[in-house]
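S.K.: Here my numbering is used: the first residue of the sequence shown is 1444, the next is one more, and so on.
Treat the hints as calculated values from the structure; they're not laboratory data.
As the structure is a prediction and not an experimental result, all values here were calculated from the model.
When the alpha-carbon atoms are kept at most 30 angstroms apart in a straight line, the in silico DSS-like pairs for lysine-lysine are as follows:
hint	residue 1	residue 2
1	Lys1563	Lys1458
2	Lys1957	Lys1842
3	Lys1957	Lys1895
Quick list of the computed label-pair ranges, beta carbon to beta carbon:
hint	residue 1	residue 2	range
4	Ala1449	Ala1800	56 to 62 angstroms
5	Arg1722	Glu1582	48 to 54 angstroms
6	Arg1510	Asp1532	20 to 26 angstroms
7	Tyr1890	Lys1842	32 to 38 angstroms
8	Tyr1574	Gly1546	29 to 35 angstroms
Just so you know, even glycine gets a beta-carbon here, dropped at the ideal spot from N, CA and C.
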Amino acid sequence: MPPTLASLVQHSALKLIVRAGADRLGTPVRWAHASELADPVPYMDGGELLLVTATNLDADDPESMRRYVRRLAGAGVAGVGFAVGVNYDDVPAALVAAAEEAGMPLLEVPRRTPFLAISKAVSAAIAADQYRAVTAGFEAQRELTKAALAGDGPAELLARLAAHIDGWAALYDTSGAVLAAAPDWAARRAARLTPDVERLRDRPAPASVVVGDSEDRVELQSLGTGRRARGALAVGTGAALGTAERYAVHSAVALLTLTTARSRSLQGAEQRLGAAVLRMLLAGQPDHARAVAGDLYGGLLDAPFRLLIAEAAAPTGSELLTETMEAAAARTGEALLLVPEAERVVVLAADGGSAVAACAAFAEAQDDRAPREGGAEDSDVVVGLSAPSGPIAVSAAYKQAEQALSVARRRGRALVEHEELAAGSVLPLLADDAVRAFADGMLRALYEHDAKGRGDLVASLRAWLSRHGQWDAAAADLGVHRHTLRYRMRRVEEILGRSLDDPDVRMELWLALKTTEAATPAEE
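Throw the hints in and build the complete structure from the sequences for me.
M.R.: Now the structure itself:
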């Protein structure tokens, strides 16, 4: 701890005597400074023990002393040391009264105690405190380094850091989720700071911010040295960090940043291995893929997984999504095969696992944040997700994800699952300008024929197709004789130049009718 007025009073060689402010002797002393100026405040920084002999002061005047002491107290002066036996034999009563009134500690300095001795005592105490802080900081650095090298993850490092700062510590991933906290109770406290971590993430690393409430004072430090932070460290204490605690926090930030950088390098190697595994799977070589995957990805290939393809015009979008999935998988110990592919990212993730759930939550938040009608914005991520698959069907899963991605892009949605396409109707897929143009061109002649009042060919065609070519049933739906319906279908064939006996023609006509029907309400 830094020297205090109490420690100076207790210094046997100084022989200081308390004349006022005995209840405030715990005040830290930053320096001892002698000044005979009538107003030394402009030259004070705060925290000084001001040493005076009252050469230029009217120390017997109560009002003068009251103004003098008030000025010192307002400037944050820690206390006044008054030397007796120089200009005054005793400490003037007016100065004692003014000090008592202002709550300013006042110390009597004996004639035989030079001011220089007090300055030396303060300087020595400050140097000793700094030495203790540096020593404690180096000891903390050694302990934290051992914890980081132990390979047990960040939990032990955070536990030792929390002990050194007499508070708590927490580590966050890039999404703002808490990865680890110490002590255990701090996890809930740390989780409430996620919005602050998210704001810190958007600032270039390194960056820091102090937040807090009635519970504690929290300092957030970003991890990383690049364009974007790779995580954050939070430390919570009851007061501002001291020198020793600051050393410990800086050491933890450096170690966690190095760990993060090492993890990124390992991740790059894993991605290259994952790319090789993916190529083998797509080539229909699951056995070779298993052999290459080894322990790293082998578990992923032993259970159903999903293949997803994500793309974004802005790289930060894909980075945020992949980091979110990586963090979710790391928290639950899931394997995650992630392969950057030009502007795309291809991912194999456990079906029903936390990574897929994190991807869905990310996409939902994106849709809620910025609803779109005409397609995704450049900064947004678009994701296509396959059905559950296995090693022998990765090629099919890749096509499913591509199809889902195409639909997501066209619909302006962040994520589309293949199940939506396979289990639902094909009709939503017809909401495409090219399909509508095809439908309009195919049916235009029939609509023009009906518009001239020469027969209801479109309605008749719709009824006949809906009844699968059953003449009696379709005629009954229309309220006409079956011979009338036969005549109308011959006219359809003549106008279109297509045979209704051809199943492809019937299919195209039916889809064209459904497309124009779907477009009608929007046009109205």
